[in-house]
Structures are given as C-alpha cells and as structure tokens.
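Quick note, the sequences are listed as chains U and H, same order. When we follow our numbering, the leftmost residue of the first sequence carries the number 1, and every step to the right adds one. When we follow our numbering, the leftmost residue of the second sequence carries the number 1, and every step to the right adds one.
Source of the hints: derived by calculation from the structure; they are not laboratory data. All of these numbers come straight from a predicted model, not from anything done at the bench. Careful: at least some of the hints might be erroneous.
[Unchecked claim] Straight-line C-alpha distance at most 25 angstroms; calculated SDA-like pairs for lysine to any residue:
{"#": "1", "chain 1": "U", "residue 1": "Lys91", "chain 2": "U", "residue 2": "Asp26"}
{"#": "2", "chain 1": "H", "residue 1": "Lys30", "chain 2": "U", "residue 2": "Ser52"}
{"#": "3", "chain 1": "H", "residue 1": "Lys98", "chain 2": "H", "residue 2": "Asp123"}
{"#": "4", "chain 1": "H", "residue 1": "Lys2", "chain 2": "U", "residue 2": "Glu90"}
{"#": "5", "chain 1": "H", "residue 1": "Lys30", "chain 2": "U", "residue 2": "Gly81"}
{"#": "6", "chain 1": "H", "residue 1": "Lys25", "chain 2": "U", "residue 2": "Lys40"}
{"#": "7", "chain 1": "H", "residue 1": "Lys62", "chain 2": "H", "residue 2": "Ala93"}
{"#": "8", "chain 1": "U", "residue 1": "Lys91", "chain 2": "H", "residue 2": "Asp123"}
{"#": "9", "chain 1": "U", "residue 1": "Lys91", "chain 2": "H", "residue 2": "Glu33"}
{"#": "10", "chain 1": "U", "residue 1": "Lys69", "chain 2": "U", "residue 2": "Ser14"}
{"#": "11", "chain 1": "H", "residue 1": "Lys30", "chain 2": "U", "residue 2": "Leu85"}
{"#": "12", "chain 1": "H", "residue 1": "Lys25", "chain 2": "U", "residue 2": "Ala88"}
{"#": "13", "chain 1": "H", "residue 1": "Lys25", "chain 2": "U", "residue 2": "Arg12"}
{"#": "14", "chain 1": "U", "residue 1": "Lys47", "chain 2": "U", "residue 2": "Gly64"}
{"#": "15", "chain 1": "H", "residue 1": "Lys30", "chain 2": "U", "residue 2": "Lys22"}
{"#": "16", "chain 1": "H", "residue 1": "Lys2", "chain 2": "U", "residue 2": "Asn89"}
{"#": "17", "chain 1": "H", "residue 1": "Lys62", "chain 2": "H", "residue 2": "Arg49"}
{"#": "18", "chain 1": "U", "residue 1": "Lys22", "chain 2": "U", "residue 2": "Asp11"}
{"#": "19", "chain 1": "U", "residue 1": "Lys47", "chain 2": "U", "residue 2": "Arg12"}
{"#": "20", "chain 1": "U", "residue 1": "Lys91", "chain 2": "H", "residue 2": "Gln121"}
{"#": "21", "chain 1": "U", "residue 1": "Lys91", "chain 2": "H", "residue 2": "His41"}
{"#": "22", "chain 1": "H", "residue 1": "Lys25", "chain 2": "U", "residue 2": "Arg63"}
{"#": "23", "chain 1": "H", "residue 1": "Lys30", "chain 2": "U", "residue 2": "Val76"}
{"#": "24", "chain 1": "U", "residue 1": "Lys91", "chain 2": "H", "residue 2": "Gly31"}
{"#": "25", "chain 1": "H", "residue 1": "Lys30", "chain 2": "U", "residue 2": "Asp84"}
{"#": "26", "chain 1": "U", "residue 1": "Lys40", "chain 2": "H", "residue 2": "Gln15"}
{"#": "27", "chain 1": "U", "residue 1": "Lys22", "chain 2": "H", "residue 2": "Val127"}
{"#": "28", "chain 1": "H", "residue 1": "Lys2", "chain 2": "U", "residue 2": "Lys69"}
{"#": "29", "chain 1": "U", "residue 1": "Lys40", "chain 2": "U", "residue 2": "Tyr10"}
{"#": "30", "chain 1": "H", "residue 1": "Lys30", "chain 2": "U", "residue 2": "Ala58"}
{"#": "31", "chain 1": "U", "residue 1": "Lys47", "chain 2": "U", "residue 2": "Ala66"}
{"#": "32", "chain 1": "H", "residue 1": "Lys2", "chain 2": "U", "residue 2": "Ala80"}
{"#": "33", "chain 1": "H", "residue 1": "Lys30", "chain 2": "U", "residue 2": "Met39"}
{"#": "34", "chain 1": "H", "residue 1": "Lys98", "chain 2": "H", "residue 2": "Ser110"}
{"#": "35", "chain 1": "H", "residue 1": "Lys62", "chain 2": "U", "residue 2": "Ala66"}
{"#": "36", "chain 1": "U", "residue 1": "Lys40", "chain 2": "U", "residue 2": "Glu87"}
{"#": "37", "chain 1": "U", "residue 1": "Lys91", "chain 2": "H", "residue 2": "Gly129"}
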Amino acid sequence: MLHIVNKSPYDRNSLDTAVSYKVDGDIFLLIEDGVYAAMKGGAAASKLDGCSVSVLGADIAARGIAEDKLIDGVSVIDYAGFVDLVEANEKVQSWL
Amino acid sequence: MKFTIQVNEGPYQHQATDSAYLFTKAALEKGHEIFRVFFYHDGVNNGTRLTTPPQDDRNIVKRWSELSAEHDLDLVICVAAAQRRGIVDDGEAERNGKDATNIAPGFRISGLGQLVEGAIQSDRLVVFGD
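With the hints as extra help, turn the sequences into a complete structure.
Okay, here's the thing in structure tokens:
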C-alpha cells in the first residue's frame, strides 16, 4: 500500500494516522508540506523509523530543504517516480 | 494503467491542484490513461474561465484546459459543488435562470456518479486535497 502524506507533522497528525496503519511492504510518500517529516534532526523524524520513505524532489526544493538535510535512506523522486509508485501499489491512500 | 484523479481544492489556495496537475501530466507522459479528473468541493473553482492570474504566474485553469485539449481529458466538475460556488455552463444557466456562464474549455458539469464510475473503471484513484 502507498500512503501519501501532504501535511506537515508539526501542523497536523495525518502522518501519525498513516503510520498507525502500516503493514509490511508499505511505502510512505511525502509530498507538499508532508516533506517536513523527513528532515534530519526534526522532532518528527523518528515517526518514520522502519518505514520505506520517498519524498517529492520538487516539494523539498520549493521549501529550501537540501537532499543532505533529509534522514538517511529516503528516496527523492520526481512526478514520474510518483506515478510509478502509484502503479506499483494496488492500494493508494491520501491521508488528507 | 488507467487512473482517475480527484481534486478537492481550488487554485491558488492550496498546492493540491498543482500536485494533481503535475501528477496527471507525468502519468500521460509515461503512456498511462487518465480515465477522468473529477473536481469536487472547492476543486470546482479550477473550472472557471474568468480567472486572470498575473502574467508571471501559472495559469492553473488554462493549463487544465490545454492538457484536456491535448489528451482529450475528461474534466468533470461536481454539479452540487458547482451550484454552491457559481460554476455555470449553458445547461446550468438555463436550469437555474443565471445570466451568464463561466465554465472553462474542456470542463463539463456532472454528478457524483462520475466519480464513482471513475473509481470503478480505473486501476487507481488518486486523491489530491487539503
């Protein structure tokens, strides 16, 4: 399952909700303000421990977040990669 | 693969419609089929041709229309959400006695059943909103 999170974890609790539904093999895609969750040293970073995480490159760039400021193991993808993730996961949930 | 896209937010207020547009464009470029884009709630505001954004800003409505013309996209606006927000085509103007229309090229107004059909007929439904 692909979980799409577009809210900052410092603003709303949609990341907590998404992670609470995690089962093996799930992927978390952070877009829009959701990308703040993947910042290294951030108070919310540990929420993603043990998760497979991708972030939209355009959305970190738009927020001035360099790739080396992200937590380890995060994949930075473009919109084509976003499409591939949706294709690869039979279930797609946007946690709005 | 066949996708239906749902857009719940209006232009210039939230990034959702930008994300939806860029996702739709990328999917088409990869050879996927977009069965339908369904505009719901404030998302219906993506479909008024009367917007005039500054020239150095993206024209969100126009680029949906252009993508529709290029790929024969089915851009559907929810009728109940449209009536509340004043998005009007010829049929709605006639039915509700309005003196003008504002629907943008490529968009049409229809019911929520179109969203349900999109979800059933497509391999994936991807929702963008706030």
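Going down the list of hints, with the structure as the test:
Note on Lys91(U) and Asp26(U): the hinted pairing holds, with a Cα-Cα distance of about 10 angstroms set against a maximum of 25 angstroms. With a C-alpha separation of about 24 angstroms, the suggested pair Lys30(H) and Ser52(U) falls inside the 25 angstroms cut-off, and the hint holds. Proximity of Lys98(H) to Asp123(H) is assessed by CA-CA distance (about 38 angstroms); at most 25 angstroms being required, the pair is judged violated. Between the alpha carbons of Lys2(H) and Glu90(U) the distance comes to roughly 12 angstroms, so the proposed pair stays at or under 25 angstroms and holds.
Between Lys30(H) and Gly81(U) the CA atoms are separated by roughly 10 angstroms; this keeps the pair inside 25 angstroms, and the hint holds. Of the supplied pair hints, the one linking Lys25(H) and Lys40(U) is violated, its CA atoms being roughly 31 angstroms apart against a limit of 25 angstroms. Between Lys62(H) and Ala93(H), the direct Cα distance comes to roughly 22 angstroms. Compliance with the 25 angstroms bound is thereby established for this hinted pair. At most 25 angstroms may separate the alpha-carbon atoms for a hinted pair to count; Lys91(U) and Asp123(H) meet this at roughly 9 angstroms.
Between Lys91(U) and Glu33(H) the CA atoms are separated by roughly 18 angstroms; this keeps the pair inside 25 angstroms, and the hint holds. Among the hinted pairs, Lys69(U) with Ser14(U) is consistent with the structure: their alpha-carbon atoms are about 22 angstroms apart, no more than 25 angstroms. Distance check on the hinted pair: Lys30(H) and Leu85(U) sit about 13 angstroms apart at the alpha-carbon level, within 25 angstroms; holds. Our distance criterion of 25 angstroms between C-alpha atoms is met by Lys25(H) and Ala88(U), whose separation comes to about 18 angstroms.
For a cut-off of 25 angstroms, the pair hint linking Lys25(H) to Arg12(U) is broken: about 29 angstroms separates their Cα positions. For a cut-off of 25 angstroms, the pair hint linking Lys47(U) to Gly64(U) stands: about 22 angstroms separates their Cα positions. This hinted pair does not check out: Lys30(H) and Lys22(U) have alpha carbons roughly 29 angstroms apart, beyond 25 angstroms. The hinted pair formed by Lys2(H) and Asn89(U) meets the criterion: a straight-line CA distance of about 13 angstroms does not exceed 25 angstroms.
Distance check on the hinted pair: Lys62(H) and Arg49(H) sit about 8 angstroms apart at the alpha-carbon level, within 25 angstroms; holds. Taken as a hint, the Lys22(U) and Asp11(U) pair is honoured in the structure, with Cα atoms around 21 angstroms apart against an allowance of 25 angstroms. Proposed proximity of Lys47(U) and Arg12(U) is supported: the alpha carbons are some 13 angstroms apart, at most 25 angstroms. With a C-alpha separation of about 15 angstroms, the suggested pairing of Lys91(U) with Gln121(H) holds against the 25 angstroms cut-off.
Between Lys91(U) and His41(H), the direct Cα distance comes to roughly 23 angstroms. Compliance with the 25 angstroms bound is thereby established for this hinted pair. A C-alpha spacing of about 22 angstroms is found between Lys25(H) and Arg63(U), which places the hinted pair at or below 25 angstroms, so the restraint holds. Distance hint between Lys30(H) and Val76(U) is fulfilled; the C-alpha atoms sit about 19 angstroms from each other, no more than 25 angstroms. Between Lys91(U) and Gly31(H) the CA atoms are separated by roughly 20 angstroms; this keeps the pair inside 25 angstroms, and the hint holds.
Under the criterion of a C-alpha separation no larger than 25 angstroms, the hint pairing Lys30(H) with Asp84(U) is consistent with the structure, at around 9 angstroms. At most 25 angstroms may separate the alpha-carbon atoms for a hinted pair to count; Lys40(U) and Gln15(H) meet this at roughly 24 angstroms. Only pairs whose Cα atoms come within 25 angstroms are accepted, and Lys22(U) paired with Val127(H) is accepted, the gap being roughly 19 angstroms. Restraint check: the Cα-Cα separation between Lys2(H) and Lys69(U) comes to about 36 angstroms, which exceeds 25 angstroms; the hinted pair is violated.
The straight-line distance between the Cα atoms of Lys40(U) and Tyr10(U) is roughly 14 angstroms, inside the 25 angstroms bound, and the hint therefore holds. Of the supplied pair hints, the one linking Lys30(H) and Ala58(U) holds, its CA atoms being roughly 18 angstroms apart against a limit of 25 angstroms. In summary, the hint linking Lys47(U) to Ala66(U) is supported, as the alpha carbons are separated by about 20 angstroms, within the 25 angstroms threshold. Among the hinted pairs, Lys2(H) with Ala80(U) is consistent with the structure: their alpha-carbon atoms are about 15 angstroms apart, no more than 25 angstroms.
Using a Cα cut-off of 25 angstroms, the hinted pair Lys30(H) and Met39(U) is violated, with the two alpha carbons roughly 30 angstroms apart. For the hint linking Lys98(H) to Ser110(H), the alpha-carbon distance of about 17 angstroms falls within 25 angstroms, and the restraint holds. Under the criterion of a C-alpha separation no larger than 25 angstroms, the hint pairing Lys62(H) with Ala66(U) is inconsistent with the structure, at around 32 angstroms. With a C-alpha separation of about 29 angstroms, the suggested pair Lys40(U) and Glu87(U) falls outside the 25 angstroms cut-off, and the hint is violated.
Proposed proximity of Lys91(U) and Gly129(H) is supported: the alpha carbons are some 18 angstroms apart, at most 25 angstroms.
In this structure, the hints that do not hold are numbers 3, 6, 13, 15, 28, 33, 35 and 36, in rising order.
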